[in-house]
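Engineer: Sequence:
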Amino acid sequence: MSWALPSPSRTGICHSLKSRWSPLSLSASSPNGDAVAAQILSLLPLKFFPIIVIGIIALILALAIGLGIHFDCSGKYRCHSSFKCIELTARCDGVSDCKGAEDEYRCVRVSGQRAALQVFSAAAWRTVCSDDWKSHYAKIACAQLGFPSYVSSDHLRVDALEEQLRGDFVSINHLLPDDKVTALHQSVYVREGCTSGHVVTLKCSACGMRTGYSPRIVGGNMSSLAQWPWQVSLQFQGYHLCGGSVITPLWIVTAAHCVYDLYHPKSWTVQVGLVSLMDSPVPSHLVEKIIYHSKYKPKRLGNDIALMKLSEPLTFDAFLLLGASGRVLETIQPVCLPNSEENFPDGKLCWTSGWGATEDGGDASPVLNHAAVPLISNKICNHRDVYGGIISPSMLCAGYLKGGVDSCQGDSGGPLVCQERRLWKLVGATSFGIGCAEANKPGVYTRITSFLDWIHEQLELLRTEYKVLCVVGGTPPVSYTWSSLLLHLNEERN
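Numbering of the sequence shown is given in UniProt numbering, commencing with residue 1 and proceeding in unit increments.
Calculated directly from the structure, the hints in this document are not laboratory data.
Every residue, glycine too, gets a C-beta built ideally from N, C-alpha and C.
Among these hints, one or two may not hold up.
As the list claims (entries may be wrong) - Pairs of lysine-lysine residues, derived as BS3-like cross-links and limited to a Cα-Cα distance of at most 27 Å, are as follows:
no. : residue 1 : residue 2
1   : Lys297    : Lys266
2   : Lys99     : Lys289
3   : Lys134    : Lys99
4   : Lys379    : Lys295
5   : Lys309    : Lys266
6   : Lys84     : Lys266
7   : Lys99     : Lys295
8   : Lys76     : Lys295
9   : Lys289    : Lys266
10  : Lys99     : Lys84
11  : Lys76     : Lys297
12  : Lys134    : Lys180
13  : Lys348    : Lys139
14  : Lys203    : Lys348
15  : Lys266    : Lys295
16  : Lys309    : Lys295
17  : Lys84     : Lys134
18  : Lys203    : Lys84
19  : Lys180    : Lys139
20  : Lys203    : Lys134
21  : Lys203    : Lys297
22  : Lys139    : Lys76
23  : Lys348    : Lys99
24  : Lys76     : Lys99
25  : Lys84     : Lys402
26  : Lys309    : Lys348
27  : Lys180    : Lys99
28  : Lys402    : Lys379
29  : Lys289    : Lys299
30  : Lys99     : Lys402
31  : Lys309    : Lys299
32  : Lys348    : Lys297
33  : Lys299    : Lys203
34  : Lys309    : Lys289
35  : Lys309    : Lys297
36  : Lys295    : Lys139
As the list claims (entries may be wrong) - Okay, the calculated beta carbon distance ranges per label pair:
no. : residue 1 : residue 2 : range
37  : Lys99     : Asp159    : 42 to 48 Å
38  : Leu286    : Asp132    : 43 to 49 Å
39  : Met209    : Pro393    : 42 to 48 Å
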């Protein structure tokens, strides 16, 4: 296995700039350009030229300074839907100040190794104290993160937190009735510390587990059923093109370069719970929506992340392995997303998997393979003999500088997972590389922790996009889905 960009055949129309516009050509009878310039100059007294030049320079400087001030968002929040900058205190305050209302999303997160709950309030991320916390608030927090349900919430001593999470705190406003607590960041007040000495931890998904799977030593690196239950095959018009990772029943994480030129949801299907691409019959899942990062550019290497939303949710099912053991294997399970501020140390051994080629330029493998690869620091990966400075903080490298083990064509978008506290977490998505398994050219992955806000924003946006607010008669506002609203209107009409 080794990483490289997938190379689907591209068909399209090449537009020449020459055909879009061209400068007017002068005919033979046109005046000489130098003569025209001389004539114009003769109309202006020479003494005015310094003033004119200085004026032009001053205008350019004023424009540059003005634009710099206008676009400088230092210490502020920049609206993605416009060039508007707002004060940090205006973010997550319950009022939409940005055109696309994005300042009121991504107001909740889980952070650190122990998944401490934080909300953005009063211009900073603040850890939630367990004082006045009720378990049903956890469902609200998970919904704000885009998850359909929650597993549990617990308490953790403040002194067990990482230092950067101990500076700012909030508590739920106990004066609010439970039915008024609909968004956590609008239901808290700032505190200097937690009276209880504890903070809230949150778990939104039963993820990162391999139920019933028992590792065994084999001669090769072919994967076993249920070994990587979050691995999916993304198939375009029936052919495997890229890998991906299940993170919720509806959502798959993959690489932007897999879908950028093939942005046709109806042409894609997703296969899950399999080892061999030759398995038949294997149910295919239709794709409803594809979202790639707005800052991804095909000629650049950054922001290489995308999401696929399935038309119908997956069922995280159990497969009974017949035989003497009678073990039950979970063949389809989500992988855990890492937490904000969670670090994975250099040298940590992680795992990559996929149906990619087993040699540079080869065909895709018919069976799912995997490889153990250590994480490499960005400093080493940016060495002039490795990638020479092109690795940004939102990328990470994994593999061996001596070569020999890597990902390759067809692995793109697939998972790089690391085990933490017995849970498997999605640390990277396969992005690019030079060749496959070459010396000083380890695999490069999209660093998932750099895009957690983006991922949760998409999940939260899609969760709420079908909600509308409707006032019927003199009753208080009622929230409807589009389908329930239409049904209500039809009933009113009849």
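Engineer: It remains to establish, for every hint, whether it holds in the given structure.
Structural biologist: Results for each hint:
| no. | hint | verdict |
| --- | --- | --- |
| 1 | Lys297 to Lys266 | holds, 23 Å |
| 2 | Lys99 to Lys289 | holds, 23 Å |
| 3 | Lys134 to Lys99 | violated, 34 Å |
| 4 | Lys379 to Lys295 | holds, 24 Å |
| 5 | Lys309 to Lys266 | holds, 12 Å |
| 6 | Lys84 to Lys266 | violated, 36 Å |
| 7 | Lys99 to Lys295 | holds, 19 Å |
| 8 | Lys76 to Lys295 | holds, 20 Å |
| 9 | Lys289 to Lys266 | holds, 9 Å |
| 10 | Lys99 to Lys84 | holds, 9 Å |
| 11 | Lys76 to Lys297 | holds, 26 Å |
| 12 | Lys134 to Lys180 | holds, 13 Å |
| 13 | Lys348 to Lys139 | violated, 33 Å |
| 14 | Lys203 to Lys348 | holds, 24 Å |
| 15 | Lys266 to Lys295 | holds, 24 Å |
| 16 | Lys309 to Lys295 | holds, 20 Å |
| 17 | Lys84 to Lys134 | violated, 37 Å |
| 18 | Lys203 to Lys84 | violated, 35 Å |
| 19 | Lys180 to Lys139 | holds, 14 Å |
| 20 | Lys203 to Lys134 | holds, 15 Å |
| 21 | Lys203 to Lys297 | violated, 34 Å |
| 22 | Lys139 to Lys76 | violated, 30 Å |
| 23 | Lys348 to Lys99 | violated, 43 Å |
| 24 | Lys76 to Lys99 | holds, 16 Å |
| 25 | Lys84 to Lys402 | violated, 48 Å |
| 26 | Lys309 to Lys348 | violated, 31 Å |
| 27 | Lys180 to Lys99 | holds, 26 Å |
| 28 | Lys402 to Lys379 | holds, 17 Å |
| 29 | Lys289 to Lys299 | holds, 24 Å |
| 30 | Lys99 to Lys402 | violated, 50 Å |
| 31 | Lys309 to Lys299 | holds, 25 Å |
| 32 | Lys348 to Lys297 | violated, 30 Å |
| 33 | Lys299 to Lys203 | violated, 38 Å |
| 34 | Lys309 to Lys289 | holds, 5 Å |
| 35 | Lys309 to Lys297 | holds, 21 Å |
| 36 | Lys295 to Lys139 | violated, 32 Å |
| 37 | Lys99 to Asp159: 42 to 48 Å | holds, 43 Å |
| 38 | Leu286 to Asp132: 43 to 49 Å | holds, 44 Å |
| 39 | Met209 to Pro393: 42 to 48 Å | violated, 30 Å |
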